[in-house]
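A.B. asks: Sequence:
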Amino acid sequence: MKNKNDLNLEPSLLNLEPSPRSGRFVPPEAGEVAAYAKAEGLDNHAECFCDHFASNGWRVGGKAPMRDWRAAYRNWCRRAPAFGAPKVANGNKRVVELAAEYRAACVAGNDAGKREVFQKMKAEGLEWAVVREEVIRQNEKAAE
Numbered sequence: 008m009k010n011k012n013d014l015n016l017e018p019s020l021l022n023l024e025p026s027p028r029s030g031r032f033v034p035p036e037a038g039e040v041a042a043y044a045k046a047e048g049l050d051n052h053a054e055c056f057c058d059h060f061a062s063n064g065w066r067v068g069g070k071a072p073m074r075d076w077r078a079a080y081r082n083w084c085r086r087a088p089a090f091g092a093p094k095v096a097n098g099n100k101r102v103v104e105l106a107a108e109y110r111a112a113c114v115a116g117n118d119a120g121k122r123e124v125f126q127k128m129k130a131e132g133l134e135w136a137v138v139r140e141e142v143i144r145q146n147e148k149a150a151e
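When you read off a place in the sequence shown, starting at 1, and then add 7, the result is the number in our numbering.
Treat the hints as calculated values from the structure; they're not laboratory data. Do not rely on the hints blindly, as some may be mistaken.
Unchecked claim - Taking lysine-lysine pairs in the DSS-like style, the calculated list, with each CA pair at most 25 Å apart, reads:
1. Lys-121 with Lys-100
2. Lys-100 with Lys-127
3. Lys-148 with Lys-45
4. Lys-129 with Lys-100
5. Lys-148 with Lys-100
6. Lys-148 with Lys-121
All chains, please: the whole structure from these sequences, using the hints.
C.D. replies: Now the structure itself:
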């Protein structure tokens, strides 16, 4: 009998990535969520959505593993008004600076930079909701 390493298998058979129908959940990237939101005509909360669920291990209600991020995103958008609008930055220079730092870290894919912004916010007593709204405002301005 041949050693299993000696078998001539086609490269496609060696693909260890789960197939789309395998049922295994693969967390989306914020860009994928944003594209979905645009295609479905939903509000774009992609970055907030991904940050929230990444922070809790992609669990729904903090308990059950997520199965369908699209359904979760639709619910996120549906429930957003119930959470009320966070306090607005009102030109708070520090909030504007932290939001710009956070955006730069996101663009660079710098997770350590994002964590650093959160640490600064915590140390300065600023709420993420306020900074998040400024990040969204800056993203919309940049998209114009």
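A.B. asks: Indicate, hint by hint, whether the structure satisfies it.
C.D. replies: To see whether the hints hold, each was checked on the structure:
1. The hinted pair formed by Lys-121 and Lys-100 meets the criterion: a straight-line CA distance of about 19 Å does not exceed 25 Å.
2. Note on Lys-100 and Lys-127: the hinted pairing holds, with a Cα-Cα distance of about 14 Å set against a maximum of 25 Å.
3. For the given pair, Lys-148 sits about 17 Å from Lys-45 by alpha-carbon distance, which is consistent with the 25 Å threshold.
4. Under the criterion of a C-alpha separation no larger than 25 Å, the hint pairing Lys-129 with Lys-100 is consistent with the structure, at around 16 Å.
5. A threshold of 25 Å between alpha carbons decides the hint, and for Lys-148 with Lys-100 the separation of about 17 Å falls inside it, so the pair holds.
6. Of the pairs offered as hints, the one joining Lys-148 and Lys-121 holds, with about 21 Å between alpha carbons and a cut-off of 25 Å not exceeded.
Checked against the numbered hints above, the structure breaks none of them.
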